[in-house]
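Q: Next come the chains, spelled out residue by residue.
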Amino acid sequence: MKKTMYEKIWDAHLVYSEEGVTPLIYIDRHLMHEVTSPQAFQGLLEMSRPIRRPEAVLATLDHCIPTINRDQPIKDSIAANQVATLQNNCRINGLLLFDMQGPDNGIIHVVAPENGFTHPGMTVVCGDSHTATHGAFGALAFGVGTSEVEHVLATQTLPQKASKTLLIKIEGKLGPGVTPKDVTMAVIGKIGTAGGNGHVIEYAGSAVRAMSMEGRMTLCNMAIEAGARAGMVAPDQKTFDYLQGKKFAPGPEHWEKAVSYWKSLVSDEGAHFDQVIELDTASIGPQVTWGTSPEQVMAIDQTIPKTSDFNDAGKQEALKNALHYMGLKSGQRMTEVSLDWVFIGSCTNSRIEDMRAAAQVIKGKKVNPKVRAIVVPGSYPVKRQAEAEGLDRIFKEAGFEWREPGCSMCLAMNGDELAPGQRCASTSNRNFEGRQGKGGRTHLVSPEMAAAAAIAGHFVDIRTWS
Amino acid sequence: MQAFTKTTGVAAVLNKDNIDTDQIIAKQFLKKTEKTGFGKHLFHDWRFLADGSENPDFELNRPEYKGARVLITGDNFGCGSSREHAPWALVDYGFKTIVATSYADIFFNNCFKNGILPIIASFEDRDRLAAEVLASPGVSFTVDLLTQKLTTPGGIELAFEVDPMRKEKLVHGLDDIDWTLTKNELITAFEAKQKAAQPWLYR
Ligand code: SF4
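Sequence lines, in order, name chains A and B. If you count by the working numbering, then the first sequence holds residues 1 to 466, one letter each, in order. If you count by the working numbering, then the second sequence holds residues 1 to 203, one letter each, in order.
Treat the hints as calculated values from the structure; they're not laboratory data. If you're wondering where the values come from, they're calculated on a predicted model, not measured in any experiment. Glycine included, each C-beta is placed from N, C-alpha and C at the ideal position. Possibly wrong hints are sitting among the right ones.
[As the list claims (entries may be wrong)] Short derived list, chain B residues pointing at chain A, Cβ under 7 Å:
#1 Thr-33
#2 Glu-84
#3 Lys-183
#4 Glu-185
[Stated by the list, open to error] Here are the simulated DSSO-like cross-link-like pairs (lysine-lysine), alpha carbons at most 30 Å apart as the crow flies:
#5 A:Lys-164 to B:Lys-113
#6 A:Lys-8 to B:Lys-183
#7 A:Lys-161 to B:Lys-40
#8 A:Lys-263 to B:Lys-195
#9 B:Lys-113 to A:Lys-320
#10 B:Lys-113 to A:Lys-263
#11 B:Lys-193 to A:Lys-3
#12 B:Lys-195 to A:Lys-3
#13 B:Lys-40 to A:Lys-438
#14 A:Lys-164 to B:Lys-66
#15 A:Lys-164 to B:Lys-96
#16 A:Lys-247 to B:Lys-195
#17 B:Lys-167 to A:Lys-238
#18 B:Lys-193 to A:Lys-161
#19 B:Lys-183 to A:Lys-164
#20 A:Lys-238 to A:Lys-2
#21 A:Lys-396 to A:Lys-329
#22 A:Lys-238 to B:Lys-193
#23 B:Lys-193 to A:Lys-257
Throw the hints in and build the complete structure from the sequences for me.
A: As structure tokens, then:
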């Protein structure tokens, strides 16, 4: 029978299945951060259950750590407690932790690939919805709740229902100024935040093949915003080249065998998908969200929709509420909208390519005096690489703040946040009400668009930038 | 997880629909790093007045309801976020069984993971149970999971449905982990096979 990549990975991980019982699948890798793990460890302790495979776990501190003055004690006592709890739990259980000051520290979805911790064909979980990022390698990677974190620690398995499959084919060359971030946002705009419900997405087509690994990670990262359980891209030579030589990648003694296994994972020609959606790159311009849901998105040269553009009463209501919250009007152009903040960072767009792309746009220019702009690299390796290339100087000379790595303003748990009513161009993945601070207004864009907006003080169509 | 076969305990009525997880456990209590100790914060904003004293008007504060084990409530109980703190708080407070006309999906699943039996009753049955509690506050109901019956001193006998696999887990006090560990041999066999085929996955 012809199988999709998802089905191949699923079948290869089935430990137990029986009529009327939720199947049990094996989990190869377990990623962890400080916010969703403490109760899982406590649960294990109460039941005196050991961790089944400590070497399958990689933990980092990212969500609530400060991006400045890292050498000083954390001021927020609750954050400090969460950090200390994870440090403790990792020490007691012998888990690998990329500690706050350590050379490998960074956002979990940046550091795991950087270290070759996630491979094609793996099942990967994390108590975090953006685990979908790792699907870029042709892994089945998805977010889980705290009970499930505990379950995986104790058993290295999870009871899971199989998902449906959705193939999204994106054909053509990306236009000037159009990035993988724009593609993933355009997909969400097309299918909506519930469009992928119950499905695992496989992104395919010439545009996806042409993307770098970093770009594919950005693409898969936001599969969750399309409602999907996971997003994935078939592995190819780029995937193998990216992994070869990385710390936790298969060593030379296994390399060829691993690659030939990985090649066998690609969806069979003619395999059945439950749904297929095709997208032409010619229809995708640089994107910007205007509302409070990732599906409230448009190309930068369009105008904010009006209620009559939607048939659905729910969407009409959502538009009204969003525009009220965002302080915007139907018919407005985003290029007229001025900004208070620019945030370049998050597990969506904080890799070295994102840093390069943003730096390229602002080189020799100055941040608009009304705007506060920060760059938060995804990890220390990204930060060091950027510094080696002199990108930090470009940012600093332009007036950007150059921070220590972490989630920072993506979810504003660490004190980096907007004040009520402030407006931000952000390269992160969620523009929910209050996500970047109570009353804060978030517009999701690519790193290039964010960088240009910082200089101009308002959104610009990156295609007209010089 | 504690086994659940049969329980007899005071029934309390909280006659509201759409009680959400924010009301069950308010968000200011979520930053704790433990699973236990949430019971004292259960229904915080209803239970306590601004000065921290007990709100005498809140149903669960009635002296007859002290030590309640069975909660009779309305429609769509547990809606809102997926936070597992909600069942943690209910269990920690002492509730073993909830009787509602419907539940939010994730909350319903989370109950079984934490040793609570959520019973779905018809509006009519729920009203009959509530009426008996209100007529004789402090009355104890008996919930027998083995026979799938809830019985009351007033003579109500309510048969309820429960998924067989979930029932088995509750009866034996097996949480999902316990259940999975009964498949331990299969997991070990899987690992051996995977290690032989893909040794690079193991260190
Ligand atoms: S950067 Fe944002 S989305 Fe990514 S893991 Fe951190 S908080 Fe979550």
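Q: Please go over all the hints and tell whether each is borne out by the structure.
A: Quick rundown of the hints versus the structure:
Hint status for Thr-33 (chain B): holds, given a least beta-carbon distance of 4 Å to chain A, under 7 Å. A hinted interface residue such as Glu-84 (chain B) counts as satisfied when its beta carbon comes closer than 7 Å to some beta carbon of chain A; here the least separation is about 6 Å, so the hint holds. Residue-level restraint check for Lys-183 (chain B) holds (minimum Cβ-Cβ distance to chain A is 5 Å; threshold 7 Å). The restraint placing Glu-185 (chain B) at the interface with chain A is violated, with a minimum CB-CB distance near 10 Å, outside the 7 Å limit.
Between Lys-164 (chain A) and Lys-113 (chain B) the alpha-carbon distance is near 25 Å, which keeps this suggested pair within the 30 Å criterion. Distance check on the hinted pair: Lys-8 (chain A) and Lys-183 (chain B) sit about 23 Å apart at the alpha-carbon level, within 30 Å; holds. With a C-alpha separation of about 35 Å, the suggested pair Lys-161 (chain A) and Lys-40 (chain B) falls outside the 30 Å cut-off, and the hint is violated. Between Lys-263 (chain A) and Lys-195 (chain B) the alpha-carbon distance is near 19 Å, which keeps this suggested pair within the 30 Å criterion.
Under the criterion of a C-alpha separation no larger than 30 Å, the hint pairing Lys-113 (chain B) with Lys-320 (chain A) is inconsistent with the structure, at around 39 Å. Proposed proximity of Lys-113 (chain B) and Lys-263 (chain A) is contradicted: the alpha carbons are some 39 Å apart, above 30 Å. Using a Cα cut-off of 30 Å, the hinted pair Lys-193 (chain B) and Lys-3 (chain A) holds, with the two alpha carbons roughly 22 Å apart. With a CA separation close to 24 Å, the supplied pair Lys-195 (chain B) and Lys-3 (chain A) stays within the 30 Å bound.
Between Lys-40 (chain B) and Lys-438 (chain A) the CA atoms are separated by roughly 28 Å; this keeps the pair inside 30 Å, and the hint holds. Straight-line distance between C-alpha atoms of Lys-164 (chain A) and Lys-66 (chain B) comes to about 48 Å, which puts the hinted pair past the 30 Å bound. With a C-alpha separation of about 36 Å, the suggested pair Lys-164 (chain A) and Lys-96 (chain B) falls outside the 30 Å cut-off, and the hint is violated. Distance hint between Lys-247 (chain A) and Lys-195 (chain B) is fulfilled; the C-alpha atoms sit about 19 Å from each other, no more than 30 Å.
Between the alpha carbons of Lys-167 (chain B) and Lys-238 (chain A) the distance comes to roughly 49 Å, so the proposed pair goes past 30 Å and is violated. The straight-line distance between the Cα atoms of Lys-193 (chain B) and Lys-161 (chain A) is roughly 23 Å, inside the 30 Å bound, and the hint therefore holds. Among the hinted pairs, Lys-183 (chain B) with Lys-164 (chain A) is consistent with the structure: their alpha-carbon atoms are about 26 Å apart, no more than 30 Å. The hinted pair formed by Lys-238 (chain A) and Lys-2 (chain A) meets the criterion: a straight-line CA distance of about 25 Å does not exceed 30 Å.
Restraint check: the Cα-Cα separation between Lys-396 (chain A) and Lys-329 (chain A) comes to about 35 Å, which exceeds 30 Å; the hinted pair is violated. At most 30 Å may separate the alpha-carbon atoms for a hinted pair to count; Lys-238 (chain A) and Lys-193 (chain B) meet this at roughly 29 Å. For the suggested pair Lys-193 (chain B) and Lys-257 (chain A), the alpha carbons sit about 16 Å apart, so the restraint of at most 30 Å is met.
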